[in-house]
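Chemist: Listed here are the chains, written in short residue letters.
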Amino acid sequence: MQNSVQQTWFFHRPPGEVWDYLTKPELIELWLMENDFKPVIGQKFQFIYRPAKEGAAPVYHYCQVLEMVPHKLLSYSFRKGKSEKEYTLDSVVTWTLTGKNGGTELQLQHNGFTILKDVVEHNDGWNFLLNRLTERLKVASNADANV
Amino acid sequence: MQTQTFDAFQVIADPSRRKMLFMLSKDSMTINALAENFDMSRPAVSKHVKILYNAGFISIKDIGRERHCILKQDGFNELQDFINYFDKFWTIKLKKLEAILNNKSK
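Residue numbers (the working numbering), protein chains in the order written: chain Z, 111 to 257; chain S, 46 to 151.
Read the hints as simulated data drawn from the structure, not as lab findings. Cβ coordinates follow ideal geometry from the N, Cα and C atoms, glycine included. Just to be clear, a hint being listed does not mean it is correct.
[Said to hold, decoys possible] Per label pair, the in silico range of CB-to-CB distance: (1) Z:R160 / S:K140: 16 to 26 angstroms; (2) Z:D146 / S:N147: 45 to 55 angstroms; (3) Z:T206 / S:N99: 37 to 47 angstroms; (4) Z:S193 / S:K106: 35 to 45 angstroms; (5) S:K138 / Z:N211: 21 to 31 angstroms; (6) Z:G165 / S:K106: 52 to 62 angstroms; (7) S:D107 / Z:T208: 54 to 64 angstroms; (8) Z:E196 / S:F134: 18 to 28 angstroms; (9) Z:G165 / S:I137: 21 to 31 angstroms.
Using the sequences provided together with the hints, build the complete structure.
Modeler: Right, here's the structure in full:
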């Protein structure tokens, strides 16, 4: 079971400029979402999605800068849920920038999808469960195929 | 009986239901056998089983007088859907970024 999103893009602009679009709130908003991003490791920030539909509640994404190397690497946690503590989805978004052919290769990795509400109670965690289930389901589908 | 429906993430956000899935990932079990592993009333166990069933995580088979819970794939497809959702989400967003950056180079 695939457990991550990976994409590679190329832009005909230098890394410094692409970096600005990943780290300046007013520029991030142009292509991604309203946000209060600050380029400081450990900094908490939010992405806010406001649905166009009237009366629909905004969707908050609770994030924290994990790693940052200017013009090269940016990684932040990406949580979705009712509040910062009551989240149902946790994940990590990592951007890698490489100068290439007078432009920038931008790699996106969105992974670490986990349900962490009670990770203390279940040290094995969600990944263990997923692995077990994948195994189990493989066995089940092989059995089906043999019928 | 009216039961709530949850999405896959809500279903597995609950520790008891996660534990049930863990146990069922090893082998199918009767509701009674499941209930023995939990410090809760039988109706409470049934309620969790129903939620797992409604969300497509398990199927229930009546064998004799016993009800057997068997792990099912549908609920997990929904998790895969989440990953596919983000793949599309980022494609749309990055296309937008590409358009902005291309415009600038003109």
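Chemist: Could you run down the list of hints and mark each one as holding or not?
Modeler: Evaluation of the provided hints:
{"no.": "1", "hint": "Z:R160 / S:K140: 16 to 26 angstroms", "in the structure": "holds, 20 angstroms"}
{"no.": "2", "hint": "Z:D146 / S:N147: 45 to 55 angstroms", "in the structure": "violated, 27 angstroms"}
{"no.": "3", "hint": "Z:T206 / S:N99: 37 to 47 angstroms", "in the structure": "holds, 41 angstroms"}
{"no.": "4", "hint": "Z:S193 / S:K106: 35 to 45 angstroms", "in the structure": "holds, 40 angstroms"}
{"no.": "5", "hint": "S:K138 / Z:N211: 21 to 31 angstroms", "in the structure": "holds, 23 angstroms"}
{"no.": "6", "hint": "Z:G165 / S:K106: 52 to 62 angstroms", "in the structure": "violated, 43 angstroms"}
{"no.": "7", "hint": "S:D107 / Z:T208: 54 to 64 angstroms", "in the structure": "holds, 59 angstroms"}
{"no.": "8", "hint": "Z:E196 / S:F134: 18 to 28 angstroms", "in the structure": "holds, 22 angstroms"}
{"no.": "9", "hint": "Z:G165 / S:I137: 21 to 31 angstroms", "in the structure": "holds, 24 angstroms"}
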